[in-house]
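Student: Going by the numbering used here, the letters in the sequence shown line up with residues 42 to 153, in that order.
Hint data in this document are derived by calculation from the structure and do not stem from the laboratory. Just so we're clear, the structure is a prediction, and the values are computed from it rather than from any experiment. Honestly, I wouldn't trust all of these hints.
[Unchecked claim] Within a straight-line C-alpha distance of at most 27 Å, the following computed DSS-like cross-link-like pairs (lysine-lysine) qualify:
#1 Lys76 x Lys120
#2 Lys67 x Lys120
#3 Lys67 x Lys45
#4 Lys45 x Lys125
#5 Lys76 x Lys88
#6 Lys76 x Lys45
#7 Lys120 x Lys45
#8 Lys90 x Lys45
#9 Lys122 x Lys88
#10 Lys45 x Lys88
#11 Lys45 x Lys73
#12 Lys62 x Lys120
#13 Lys82 x Lys45
#14 Lys125 x Lys76
#15 Lys122 x Lys45
#16 Lys125 x Lys73
#17 Lys82 x Lys125
[Claimed, not checked] Pair by pair, the computed Cβ-Cβ distance ranges are:
#18 Asp121 x Asp93: 38 to 44 Å
#19 Thr63 x Ser92: 29 to 35 Å
#20 Gln103 x Met55: 22 to 28 Å
#21 Lys76 x Asn140: 17 to 23 Å
#22 Asp113 x Ile143: 36 to 42 Å
#23 Ser95 x Arg72: 28 to 34 Å
Glycine included, each C-beta is placed from N, C-alpha and C at the ideal position.
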Amino acid sequence: MGLKRVSNIIPDDMPAGASVKTSLFKEDDERKLYKAYLNQKDDIDAKIKESDFSSAIESAIQLIEPINSFFDSVLVMDKDKDVKNNRIAMLSEISATANSIIDFSKLLELED
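Please put together the full structure from these sequences, using the hints given.
Tutor: Okay, structure coming up:
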């Protein structure tokens, strides 16, 4: 599942709150993923506040297709350190939002 891939690539020593700089995006699929994330984030946050967790999960699942496209076409560990760190910051932000609903990596361990 795409949300587990996001969590797996984030290093343990990733500083919290690293900001995403859209000016560093080089690939269309990273732009598309970040746009899809921003479109879903407010909806996810609102549904969590309403304790409507099943709807929040449904909103998070909408990110799977753009996440998979991102991983299929974008090398996260780019040679340019700033680009690499920016991609990791974006994935970290997505992971934090998804994990505010449920820890998808733990959920998916049950399927293995």
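Student: Now, for every hint given, state plainly whether the structure supports it.
Tutor: Going through the hints against the structure:
1. Lys76 x Lys120: holds, 24 Å
2. Lys67 x Lys120: holds, 12 Å
3. Lys67 x Lys45: holds, 24 Å
4. Lys45 x Lys125: It holds: about 19 Å lies between the C-alpha atoms, which stays within 27 Å.
5. Lys76 x Lys88: holds, 19 Å
6. Lys76 x Lys45: holds, 19 Å
7. Lys120 x Lys45: holds, 24 Å
8. Lys90 x Lys45: Within the cut-off at roughly 23 Å; holds.
9. Lys122 x Lys88: violated, 36 Å
10. Lys45 x Lys88: This hinted pair holds, its Cα atoms lying about 21 Å apart.
11. Lys45 x Lys73: holds, 19 Å
12. Lys62 x Lys120: Within the cut-off at roughly 17 Å; holds.
13. Lys82 x Lys45: Within the cut-off at roughly 17 Å; holds.
14. Lys125 x Lys76: holds, 18 Å
15. Lys122 x Lys45: holds, 24 Å
16. Lys125 x Lys73: holds, 17 Å
17. Lys82 x Lys125: Holds, at about 23 Å.
18. Asp121 x Asp93: 38 to 44 Å: At roughly 40 Å between Cβ atoms, Asp93 and Asp121 fall inside 38 to 44 Å, so the hint holds.
19. Thr63 x Ser92: 29 to 35 Å: holds, 32 Å
20. Gln103 x Met55: 22 to 28 Å: holds, 24 Å
21. Lys76 x Asn140: 17 to 23 Å: This hint holds: roughly 21 Å between Cβ atoms.
22. Asp113 x Ile143: 36 to 42 Å: Since Asp113 and Ile143 have Cβ atoms about 25 Å apart, the given range 36 to 42 Å is violated.
23. Ser95 x Arg72: 28 to 34 Å: holds, 30 Å
Going through the hint list in order, the structure does not satisfy hints 9, 22.
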